[in-house]
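Sequential numbering of the sequence shown, starting at 0, is according to numbering that gives the first Met the number 0.
These aren't lab readings, by the way, just hints derived from the structure by calculation.
Please note that a few of the clues may not be correct.
Unchecked claim - Each pair of labels, with its calculated beta carbon distance range:
1. Cys83 with Ile156: 16 to 24 Å
2. Arg132 with Gln245: 25 to 33 Å
3. Thr5 with Cys301: 56 to 64 Å
Claimed, not checked - Below, computed lysine-lysine pairings styled on PhoX-like, alpha-carbon distance capped at 20 Å:
4. Lys104 with Lys3
5. Lys140 with Lys71
6. Lys3 with Lys140
7. Lys121 with Lys71
8. Lys123 with Lys299
Think of the CB as a built atom: it goes at the ideal place given N, C-alpha and C, for glycine as much as any other residue.
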Amino acid sequence: MKLKLTTDRDVNSQAFRPGDSLHVNLQIEGCKPTSIGEVTARFSGCLTLILSPQRNGCSMNKSNYTLFEESKSTTVSSICTLTCTYTYSFAFRFPTSLACACNTKCLLPSTLDISDKQMRIKTKYSINISVQRRGFGRVMKRKTVAQILPFTCNPIIPSMESSCTATLQADKFNNNLATSPEAQTDNRRTPYLPPYSPSLRLEAILPQPPILMRGRGTPVRLILHTPIEVLQYGNIYVRSINMQLQSSATATVRSSSQLLVHDRRGCLIVGLVPVATDILELDLGEWKKFTVIQSKPTLKSCLLNLEYSLNITVGISKGTGCHIEYITACLDVVVMDPPPAYQLLDYNES
């Protein structure tokens, strides 16, 4: 008996979304119709949390949570007499929310599989069809075929800030800048900072709202504000720019709650750019648009939270020496999948 499972869309190129319909056909070949029993289709989603054993542990801890499950059975099929092929059809629909006890319905998590040395978080959606076959006597055998279904769910866009600032006190460069106006060398007054210790300020700006669309670049602006006192008494240089996307996944299954943090490097620029003005917008060149490729959409639910922040670190030095101070700006962002492509329909005029 040969089983072949097909769906109404190419699962390798297009993911399902909440509320999408799913039509499945099962073809059975090489079997007599009298030997085919009940055919059962099981459509389900599952969240799995696996904790690696610790040094003092004895086994791996694995927890499963069923996001949803629906089963249908039939004994009716369409028959192709030329090829002796029997086709069974099933229809399902993806839920629009998670079956939970929250006051507001939680969204289903997108298909994902992330892990580190300590744990693994995995969500999977699948269709499984099993066929009962009569063997010798009253013996019943069962054969199953399965198909993994890619699924994506975009979040509800919250109200978020699209810019942030970070500061770096100028006295961090005290190796080269004196902090007292009385400091003198060879009867010449050395550069000094005023007593109130001014600060350099890095401003990171994204579009409003701060959304990173997968596969599409999001413009990022970096503006460095340098006090006049620092410009007057010190040669300040920008040495490096490093942008990273940090993801934080928190899974809660039964009584177990675990956090998994990943960093994905977006770009790293190294150079020697003099700061000659109090307001300097850094030219990121080809990296002026931050692109997300592999990250899954942001999610907030009672089972799984997936949040992102864009961390931007700028290296600044006094002079061209090896002493470099770093200023880091962190901005919470939302990661989303692009909307589905529109399909053009041809209408024939009568």
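inquiry  = Next pair to validate is Lys140 with Lys71; report whether the Cα-Cα distance is within 20 Å.
reply    = With Cα atoms ~19 Å apart, Lys140 and Lys71 stay inside 20 Å; holds.
ask   = Given the hinted pair Lys121 and Lys71, is their alpha-carbon gap at most 20 Å?
value = At roughly 26 Å apart (the allowed maximum being 20 Å), Lys71 and Lys121 break the hint.
request  = Would you check the hint for Lys104 and Lys3, treating anything up to 20 Å between C-alpha atoms as holding?
outcome  = violated, 36 Å
request  = Confirm or reject the claim that Cys83 and Ile156 have a C-beta distance inside 16 to 24 Å.
outcome  = violated, 54 Å
request  = With 56 to 64 Å as the target window, see if Thr5 and Cys301 comply at their CB atoms.
outcome  = violated, 35 Å
Cβ distance range 25 to 33 Å for Arg132 and Gln245, holds or violated = violated, 52 Å
request  = Assess, step by step, whether the Cα of Lys123 is no farther than 20 Å from the Cα of Lys299, and give holds or violated.
outcome  = holds, 17 Å
ask   = Is the straight-line distance between the alpha-carbon of Lys3 and that of Lys140 20 Å or less?
value = Roughly 18 Å separates the two Cα atoms, so the pair holds.
Going through the hint list in order, the structure does not satisfy hints 1, 2, 3, 4, 7.
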